[in-house]
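Fit chain B to the known structure of chain A by using the hints.
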Amino acid sequence: MSVRLGPRALSLARAYAELTGPGLGGIVLFAGRVRPDRVAGARVRALDYEVDRTVALERLRAIETTARRRFGAERTVLWHRSGSVAAGEVAVIVGAACAHRDPAFRAARYLIEELKRSVPIWKEVLAPPARRRRRRPARPAAR
Amino acid sequence: MAASVRVRFYATARLATGTAQVELPVPGQGISARDLLSELAREYPKLRRVLGASRFLRNDRYLTDLAERLAPGDQFAVHPPYGGG
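Protein chains in written order, with this note's numbering: chain A, 1 to 143; chain B, 1001 to 1085.
Isolated chain A, as found in the complex (with noise of 0.2 Å):
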């Protein structure tokens, strides 16, 4: 079992790491990046995370635990960013490990959903300011 809250980059590698052991032979990974969408003319460079710290910990906790019971995962890694997190960097991975693959899946799955839906985790778009674009003199009209 495997919460983080925090500041420092994740690593992949550190979660899969976490996941394995004997018998687990079914073991999802997923991970959510930063996208350098475009919002309001302006590339997004890092998204903020704000976190009611206390609340947020206790939901991550109780979420894994439901993981475990409903869907028999034996090992969970259920990590978050808080605090700016740059476009193209990890904001959140999640994983889980079973027997098989069909409770893997799910417990995954489960994870990230109700991490979205029921934990005070809150983001914000940091992007540069958008450039002004020039005004086109008007063209005359066609005669």
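Please keep in mind that the hints were generated in silico from the structure rather than gathered at the bench. This one's a predicted model, so the numbers in the text were calculated from it and none came from an experiment. In this text, a Cβ means the ideal position worked out from N, Cα and C, and glycines have one as well. Possibly wrong hints are sitting among the right ones.
[What the hints assert, rightly or not] Quick list of simulated restraints, FRET-style, between CB atoms:
| no. | chain 1 | residue 1 | chain 2 | residue 2 | range |
| --- | --- | --- | --- | --- | --- |
| 1 | B | ALA1053 | A | ALA86 | 25 to 31 Å |
| 2 | B | GLY1018 | A | ARG8 | 27 to 33 Å |
| 3 | A | ALA62 | B | ALA1053 | 19 to 25 Å |
| 4 | A | HIS100 | B | ARG1055 | 34 to 40 Å |
| 5 | B | PRO1045 | A | ALA62 | 32 to 38 Å |
[To be verified] Which chain A residues stay away from chain B? Per the calculated CB distances, all over 10 Å, these:
| no. | residue |
| --- | --- |
| 6 | PRO7 |
| 7 | ALA17 |
| 8 | THR20 |
| 9 | ILE27 |
| 10 | ARG43 |
| 11 | GLU74 |
| 12 | ARG75 |
| 13 | GLY88 |
Leaving out everything else, chain B in the frame of chain A:
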């Protein structure tokens, strides 16, 4: 020192109030969550729309009934819809 409840605002609630937290004076016998929310809406008109979509916590526990009373020294949190991931 006057009796008060500490109110914490997150995300869009923080943006609407312009502050992360306030100390709200309350009567010695406490105040219901509903009355506290009315005071907040009066104090911060831009917060009204956010409150309609938010969850509320008393001392880190989700409120299920707005009739629940808060005592001086309690903490109250406004959680707008979550957006992790």
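How the hints compare with the structure:
1. B:ALA1053 with A:ALA86: 25 to 31 Å: holds, 29 Å
2. B:GLY1018 with A:ARG8: 27 to 33 Å: Since the Cβ atoms of B:GLY1018 and A:ARG8 sit about 30 Å apart, the hinted range of 27 to 33 Å holds.
3. A:ALA62 with B:ALA1053: 19 to 25 Å: holds, 23 Å
4. A:HIS100 with B:ARG1055: 34 to 40 Å: Given range 34 to 40 Å: holds, Cβ gap about 37 Å.
5. B:PRO1045 with A:ALA62: 32 to 38 Å: For B:PRO1045 and A:ALA62 the Cβ distance comes to about 36 Å; the hint holds.
6. PRO7: holds, 15 Å
7. ALA17: Holds: least Cβ distance 22 Å, greater than 10 Å.
8. THR20: holds, 24 Å
9. ILE27: holds, 20 Å
10. ARG43: Holds: least Cβ distance 20 Å, greater than 10 Å.
11. GLU74: holds, 24 Å
12. ARG75: holds, 21 Å
13. GLY88: For A:GLY88, whose nearest Cβ neighbour in chain B is about 16 Å away, the distance exceeds 10 Å, so it holds.
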